[in-house]
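Trainee: Sequence:
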Amino acid sequence: MTTPADVSVPGLVALTAVVDEPLDLAAHEAAVADPRAGAVVSFQGVVRDHDHGRGVTLLEYEGHPTAAAILREVAEEIAADPAVYAVAVSHRIGTLQIGDVALVASVSTAHRAAAFAACGRLVDEAKARLPIWKRQVFRDGTEEWVNCP
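Heads up: the sequence shown begins at 1 in UniProt numbering, then just goes up one per residue.
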């Protein structure tokens with residue numbers, strides 16, 4: 001059964017995951033594909049080689065056992081926006097090297113402004129609420145835990 005385009009229905013949470021393997025941007029974009037969508041906006045959080053002027057060699061992410069459920073809740077909240085057709089978001093845990101992808105988020109909507117806004121909210125909420133902690137290892141051999149209570 002098809003739904004007329006002018007009827008608001010909750011968006012689909014197409015994919016959420018907290019995994020210890022590489023993330024696939026194309027899979028997230030495919031998961032949010034919708035024939036009504038005029039826009040798909042995606043974001044990749046990539047491990048960079050510096051933080052606050054210090055050289056970084058690697059990151060290690062540890063997740064609480066509730067991380068996957070909380071990520072799903074965040075995705076459901078974004079999908080509840082009537083402008084959103086579908087949402088996909090995943091976070092990687094474990095040891096990541098420079099250039100590895102730590103977070104992927106994709107959102108589909110009818111128009112680009114709504115897609116950019118929804119994807120931005122998705123990333124911001126995931127970063128704010130996920131019980132995932134990051135250990136940064138610096139070039140000088142020191143390390144630092146970030147977002148750790």
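These are computed hints drawn from the structure, not numbers from a lab. Certain hints may be false.
No farther apart than 20 Å at their CA atoms in a straight line, the calculated lysine to aspartate or glutamate pairs in the EDC-like style are these [claimed, not checked]:
1. LYS127 - GLU21
2. LYS127 - ASP140
3. LYS127 - ASP34
4. LYS134 - GLU21
5. LYS134 - GLU77
Trainee: Quickly compare the C-alpha distance for LYS134 and GLU21 to 20 Å and report which way the hint goes.
Mentor: Given pair LYS134, GLU21 holds - Cα atoms ~16 Å apart, limit 20 Å.
Trainee: Can you confirm whether the C-alpha distance between LYS134 and GLU77 stays at or below 20 Å?
Mentor: 25 Å, violated
Trainee: With a cut-off of 20 Å on the C-alpha distance, tell me whether LYS127 and ASP140 pass.
Mentor: 27 Å, violated
Trainee: Going straight from one Cα to the other, do LYS127 and ASP34 come out at no more than 20 Å?
Mentor: 26 Å, violated
Trainee: Hey, LYS127 versus GLU21, does the alpha-carbon distance stay inside 20 Å?
Mentor: Distance of about 19 Å is within 20 Å: holds.
Checked against the numbered hints given earlier, this structure breaks hints 2, 3, 5; the rest are met.
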